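2 protein chains.
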Amino acid sequence: MELGPHSRPAEPGRCVSGSPSAGSAFPASRVPAAGAEPGSRPAAVAAVLPAGGCGERMGVRTPKQFCRVLERPLISYTLQAWRVCWIKDIVVAVTGENMEAMRNIIQRYGHKRISLAEAGATRHRSIFNGLKALAEDQPDCKLTKPEVVIIHDAVRPFVEEDILLRVVMAAKEHGAAGAVRPLVSTVISPAADGCLDHALDRAKHRASEMPQAFLFDVIYEAYQQCSDYDLEFGTECLQLALKYCHTKAKLVEGPPELWKVTYKQDLYAAESLIKEKISQEICVVVNTKDEESVGHLLKEVLKNELNCAAITPTALDHSGGDVQNFLIDQCYSFICVTVLSSDFQAPRKFLTALEESSLPLLYPVVVVLVHCLDFTFVLPTQKMESLRWIRDLAKELKKRNVLLSGLLINYSQDEQKLQESLQQGASIIAALVKERRPALAGQLLVA
Amino acid sequence: MELGPHSRPAEPGRCVSGSPSAGSAFPASRVPAAGAEPGSRPAAVAAVLPAGGCGERMGVRTPKQFCRVLERPLISYTLQAWRVCWIKDIVVAVTGENMEAMRNIIQRYGHKRISLAEAGATRHRSIFNGLKALAEDQPDCKLTKPEVVIIHDAVRPFVEEDILLRVVMAAKEHGAAGAVRPLVSTVISPAADGCLDHALDRAKHRASEMPQAFLFDVIYEAYQQCSDYDLEFGTECLQLALKYCHTKAKLVEGPPELWKVTYKQDLYAAESLIKEKISQEICVVVNTKDEESVGHLLKEVLKNELNCAAITPTALDHSGGDVQNFLIDQCYSFICVTVLSSDFQAPRKFLTALEESSLPLLYPVVVVLVHCLDFTFVLPTQKMESLRWIRDLAKELKKRNVLLSGLLINYSQDEQKLQESLQQGASIIAALVKERRPALAGQLLVA
Numbered sequence: 000m001e002l003g004p005h006s007r008p009a010e011p012g013r014c015v016s017g018s019p020s021a022g023s024a025f026p027a028s029r030v031p032a033a034g035a036e037p038g039s040r041p042a043a044v045a046a047v048l049p050a051g052g053c054g055e056r057m058g059v060r061t062p063k064q065f066c067r068v069l070e071r072p073l074i075s076y077t078l079q080a081w082r083v084c085w086i087k088d089i090v091v092a093v094t095g096e097n098m099e100a101m102r103n104i105i106q107r108y109g110h111k112r113i114s115l116a117e118a119g120a121t122r123h124r125s126i127f128n129g130l131k132a133l134a135e136d137q138p139d140c141k142l143t144k145p146e147v148v149i150i151h152d153a154v155r156p157f158v159e160e161d162i163l164l165r166v167v168m169a170a171k172e173h174g175a176a177g178a179v180r181p182l183v184s185t186v187i188s189p190a191a192d193g194c195l196d197h198a199l200d201r202a203k204h205r206a207s208e209m210p211q212a213f214l215f216d217v218i219y220e221a222y223q224q225c226s227d228y229d230l231e232f233g234t235e236c237l238q239l240a241l242k243y244c245h246t247k248a249k250l251v252e253g254p255p256e257l258w259k260v261t262y263k264q265d266l267y268a269a270e271s272l273i274k275e276k277i278s279q280e281i282c283v284v285v286n287t288k289d290e291e292s293v294g295h296l297l298k299e300v301l302k303n304e305l306n307c308a309a310i311t312p313t314a315l316d317h318s319g320g321d322v323q324n325f326l327i328d329q330c331y332s333f334i335c336v337t338v339l340s341s342d343f344q345a346p347r348k349f350l351t352a353l354e355e356s357s358l359p360l361l362y363p364v365v366v367v368l369v370h371c372l373d374f375t376f377v378l379p380t381q382k383m384e385s386l387r388w389i390r391d392l393a394k395e396l397k398k399r400n401v402l403l404s405g406l407l408i409n410y411s412q413d414e415q416k417l418q419e420s421l422q423q424g425a426s427i428i429a430a431l432v433k434e435r436r437p438a439l440a441g442q443l444l445v446a
Numbered sequence: 000m001e002l003g004p005h006s007r008p009a010e011p012g013r014c015v016s017g018s019p020s021a022g023s024a025f026p027a028s029r030v031p032a033a034g035a036e037p038g039s040r041p042a043a044v045a046a047v048l049p050a051g052g053c054g055e056r057m058g059v060r061t062p063k064q065f066c067r068v069l070e071r072p073l074i075s076y077t078l079q080a081w082r083v084c085w086i087k088d089i090v091v092a093v094t095g096e097n098m099e100a101m102r103n104i105i106q107r108y109g110h111k112r113i114s115l116a117e118a119g120a121t122r123h124r125s126i127f128n129g130l131k132a133l134a135e136d137q138p139d140c141k142l143t144k145p146e147v148v149i150i151h152d153a154v155r156p157f158v159e160e161d162i163l164l165r166v167v168m169a170a171k172e173h174g175a176a177g178a179v180r181p182l183v184s185t186v187i188s189p190a191a192d193g194c195l196d197h198a199l200d201r202a203k204h205r206a207s208e209m210p211q212a213f214l215f216d217v218i219y220e221a222y223q224q225c226s227d228y229d230l231e232f233g234t235e236c237l238q239l240a241l242k243y244c245h246t247k248a249k250l251v252e253g254p255p256e257l258w259k260v261t262y263k264q265d266l267y268a269a270e271s272l273i274k275e276k277i278s279q280e281i282c283v284v285v286n287t288k289d290e291e292s293v294g295h296l297l298k299e300v301l302k303n304e305l306n307c308a309a310i311t312p313t314a315l316d317h318s319g320g321d322v323q324n325f326l327i328d329q330c331y332s333f334i335c336v337t338v339l340s341s342d343f344q345a346p347r348k349f350l351t352a353l354e355e356s357s358l359p360l361l362y363p364v365v366v367v368l369v370h371c372l373d374f375t376f377v378l379p380t381q382k383m384e385s386l387r388w389i390r391d392l393a394k395e396l397k398k399r400n401v402l403l404s405g406l407l408i409n410y411s412q413d414e415q416k417l418q419e420s421l422q423q424g425a426s427i428i429a430a431l432v433k434e435r436r437p438a439l440a441g442q443l444l445v446a
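Keeping their order, the protein sequence lines are chains A and B. The first sequence begins at 0 in numbering that gives the first Met the number 0 and counts up one residue at a time. The second sequence begins at 0 in numbering that gives the first Met the number 0 and counts up one residue at a time.
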């Protein structure tokens, strides 16, 4: 059992509170019943994530939890989802050969409260090793035994606090609890000859998903008692709690996003969902009155292009504090507007603030420098010549995970031409924001 | 029951033969045993696709089979996968309100041998309606009763001929057959109190997927005999064949691509898989010796960017025949190379041939006009001025589903600069080919 780095970097993203927030899917009335007053934290919760799988079903050499999505390993997304304060310790079980890679991921993306345990040959053995690390009787262990332990897969990155809280509360009451989902396909039982024996009633069965939560003593006892056959071939922790501790797990309906990344198509789906998520917040940086009015026009057309996105036109304090706050609030897209003769001082300051930010950039940050000029008087190609510095700067910024592009908009007196150009500009911005392709950084585009 | 248009356009894509091709996963030795000699066609096979669902699980208003992937309805991809010659008739069951939309899809994308039936209120009722349309006793019906009928979902677009053939052969032998997959999650049975009753042994169960195939008389008999309860709440055709005709279906292991588009993330996955598929073939159009040598350099760097892609540098006969053949062979990406002082006559001819092609363009076609010049002597922005026609032409071509972009490459004497520019150019081309974003068409990019 190994511990994570002692000097941990600051956790990226605001720490989510243990109390259900307004608008959460979690019914506030159930919290007190389960023993946690709103505002209080459920006591002593830890988590175990088995991450020792080899990902053979994915058809690639890299284990799926280490496959990269937007250049970042999948497991880092899952760990980020666990930044809720009320989870004291997170034990990740990885194989010896991936231990160093895992340590680097924790360091690079600033994950907190992570400890590493050695993975076993099977999923159950890995979980058992994680539980052992949390048990009191371990010598030299800095972890303390929790009251409740959550078990989750490293390859289910879309877990939300709401469902974590619900399984923890249910486990406190019932001893065990697990997220379930309706079956997508009918389940059938084959006979020995490879023909159908019978089909199961879809309405009477559920798919068992993760997260699951247990009173620590229940699941630890179950693992200590269970047979080698269970450890080798079993797949279901809830079943172990039932079989060895007679604890009937409460089944909690979870959201569709809980699905497990298993096949190549799941990795694609994960990438698209992550891209969608980080394209929901856009900051339009404007400093002068003129810029503000273009900013508002852009906001309107952008709203249609990126449906439901929250688009905030704002003047930023370029000391860096504002930039930092936007990043903390999960905004990773900045559109800097410059109008007519104004220079690029403000956007340059913004870029410096971004570059100097001490936060680990969890996602590629898209920055589009929008320059508005009347194409009747200045040809876009003429203007481009004076914007060549964007290309050089983009090369530098790409190393910091910032994707910088330039965009010229026809700020025409002709209302129709202006609208057309704004519309096309918004489509281009939407494409850059949604795709986050490093290959397209540094380009000067024309709307 | 309504019939599709009488004057059907030519089927897009080459017709796949009924005999298993070399390298197919279908073991040749099993074909004769099942009654079809290699090269012969299994006799009288038809298909029924229920497409009356409302897609509530997707969380969008459009039924999922009509959701657009790369601007084209999902069901059109599924129908395209059915272009195998040996399937005589395909009956699609759609609701009355979607009948006209479905007819337009058939016309627009040139699907052949499709007939429409009215969908019922449930999946089983839709399938029954489709079967009725194929039964002999229908008055005025141009369809004939098949020996074997395949049932498939409209929202499983990645079905391959191999698995179709395997379920048909198995159905001829056993009366019924269906594709199955290993379970991804453990299946559990809840008790009445919402707690776990028991977990099923994952190794002893399978997920029932599509396609399924039946001797027509077996499944038609089953549907005629089955109860209203079955039609209302049942989900499994194999179970009906078992219950009412005592026919034990043969279970056939299918590939992971058979999965059903159910949730939003599945639609994202489908889009990525389709994009990946159509990015596998790239035609690099070169006409002169100089262009040929750049073409070969580009091919090398592109191979790394788009791993496994088949990249063919070739001079095209611009009469249109070659272009047509590339499209028929599922090549939807063209890189036209122009070197130094050569004009854009050849690419222009190519674009005309593409525009005049009579084939329905099933996917957006990406065309990148690559212009090589030495940036030491000519500034990219100078050259761009003379390439403004690309922007105007791109606007026109976009309406035909052709996405045209320009790309300048630094054809420097300095080997390192040349390599850097080629490398960046390849990354840009890969991004354009992979993403196929209409918003980025018409741009002049610089590598």
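Worth flagging that the hints you see were computed from the coordinates, not collected in a lab. Predicted model, so just to flag it, every value in this text is computed and none were measured. One or more of the hints may lead you astray.
Any copy, or any two copies together, can satisfy a pair, since identical chains are not distinguished.
Stated by the list, open to error - BS3-like cross-link-like pairs, simulated, lysine-lysine; straight-line CA separation at most 25 Å:
| id | residue 1 | residue 2 |
| --- | --- | --- |
| 1 | Lys302 | Lys263 |
| 2 | Lys87 | Lys302 |
| 3 | Lys203 | Lys242 |
| 4 | Lys416 | Lys203 |
| 5 | Lys259 | Lys274 |
| 6 | Lys203 | Lys141 |
| 7 | Lys131 | Lys274 |
| 8 | Lys274 | Lys382 |
| 9 | Lys382 | Lys144 |
| 10 | Lys171 | Lys416 |
| 11 | Lys397 | Lys433 |
| 12 | Lys433 | Lys144 |
| 13 | Lys298 | Lys276 |
| 14 | Lys416 | Lys397 |
| 15 | Lys298 | Lys348 |
| 16 | Lys274 | Lys398 |
| 17 | Lys263 | Lys274 |
| 18 | Lys394 | Lys416 |
| 19 | Lys394 | Lys288 |
| 20 | Lys398 | Lys433 |
| 21 | Lys302 | Lys398 |
| 22 | Lys394 | Lys302 |
For each hint, the structure was consulted:
1. With identical chains, the CA atoms of Lys302 and Lys263 are at most 25 Å apart between copies only, with a shortest distance of 20 Å across copies and 32 Å within one.
2. Neither within a single protomer nor between protomers do Lys87 and Lys302 lie at most 25 Å apart by alpha-carbon distance, with minima of 40 Å and 47 Å respectively.
3. Taking CA atoms no more than 25 Å apart as the test, Lys203 paired with Lys242 passes in both settings, with 21 Å inside one copy and 19 Å between copies.
4. Within a single copy, Lys416 and Lys203 get their C-alpha atoms no closer than 60 Å, and across copies no closer than 65 Å, so neither meets the 25 Å cut-off.
5. Taking the closest pair of Cα atoms, Lys259 and Lys274 come within 25 Å of each other both inside a single copy (18 Å) and across two copies (22 Å).
6. Taking CA atoms no more than 25 Å apart as the test, Lys203 paired with Lys141 passes in neither setting, with 44 Å inside one copy and 42 Å between copies.
7. Taking CA atoms no more than 25 Å apart as the test, Lys131 paired with Lys274 passes in neither setting, with 37 Å inside one copy and 45 Å between copies.
8. In this assembly of identical chains, the alpha carbons of Lys274 and Lys382 never lie at most 25 Å apart, being 32 Å within a copy and 35 Å across copies at closest.
9. With identical chains, the CA atoms of Lys382 and Lys144 are never at most 25 Å apart, being 64 Å at best within one copy and 69 Å at best between copies.
10. In this assembly of identical chains, the alpha carbons of Lys171 and Lys416 never lie at most 25 Å apart, being 63 Å within a copy and 64 Å across copies at closest.
11. Taking the closest pair of Cα atoms, Lys397 and Lys433 come within 25 Å of each other both inside a single copy (17 Å) and across two copies (20 Å).
12. In this assembly of identical chains, Lys433 and Lys144 lie within 25 Å of each other by CA distance neither inside one copy nor across copies; the values are 43 Å within and 49 Å between.
13. Taking the shortest alpha-carbon separations for Lys298 and Lys276, only the intra-copy value of 18 Å comes in at or below 25 Å, while the best inter-copy value is 35 Å.
14. In the homo-oligomer, the alpha carbons of Lys416 and Lys397 lie at most 25 Å apart only across protomers (19 Å), although the nearest pairing inside one protomer, at 33 Å, exceeds that limit.
15. For a Cα distance limit of 25 Å, the shortest separation of Lys298 from Lys348 inside one copy, 22 Å, qualifies, whereas the shortest one across copies, 41 Å, does not.
16. Proximity of Lys274 and Lys398 under a CA criterion of 25 Å is satisfied intra-copy only: 20 Å inside one chain copy versus 27 Å between copies.
17. In this assembly of identical chains, the alpha carbons of Lys263 and Lys274 lie at most 25 Å apart whether taken from the same copy (17 Å) or from different copies (13 Å).
18. In this assembly of identical chains, the alpha carbons of Lys394 and Lys416 lie at most 25 Å apart only when taken from different copies (15 Å versus 33 Å within one copy).
19. For a Cα distance limit of 25 Å, the shortest separation of Lys394 from Lys288 qualifies neither inside one copy, at 31 Å, nor across copies, at 33 Å.
20. In this assembly of identical chains, the alpha carbons of Lys398 and Lys433 lie at most 25 Å apart whether taken from the same copy (20 Å) or from different copies (23 Å).
21. Taking CA atoms no more than 25 Å apart as the test, Lys302 paired with Lys398 passes between copies only; the shortest distance there is 24 Å, against 30 Å inside one copy.
22. Within a single copy, Lys394 and Lys302 get their C-alpha atoms only as close as 30 Å, which misses the 25 Å cut-off; across copies the closest is 23 Å, which meets it.
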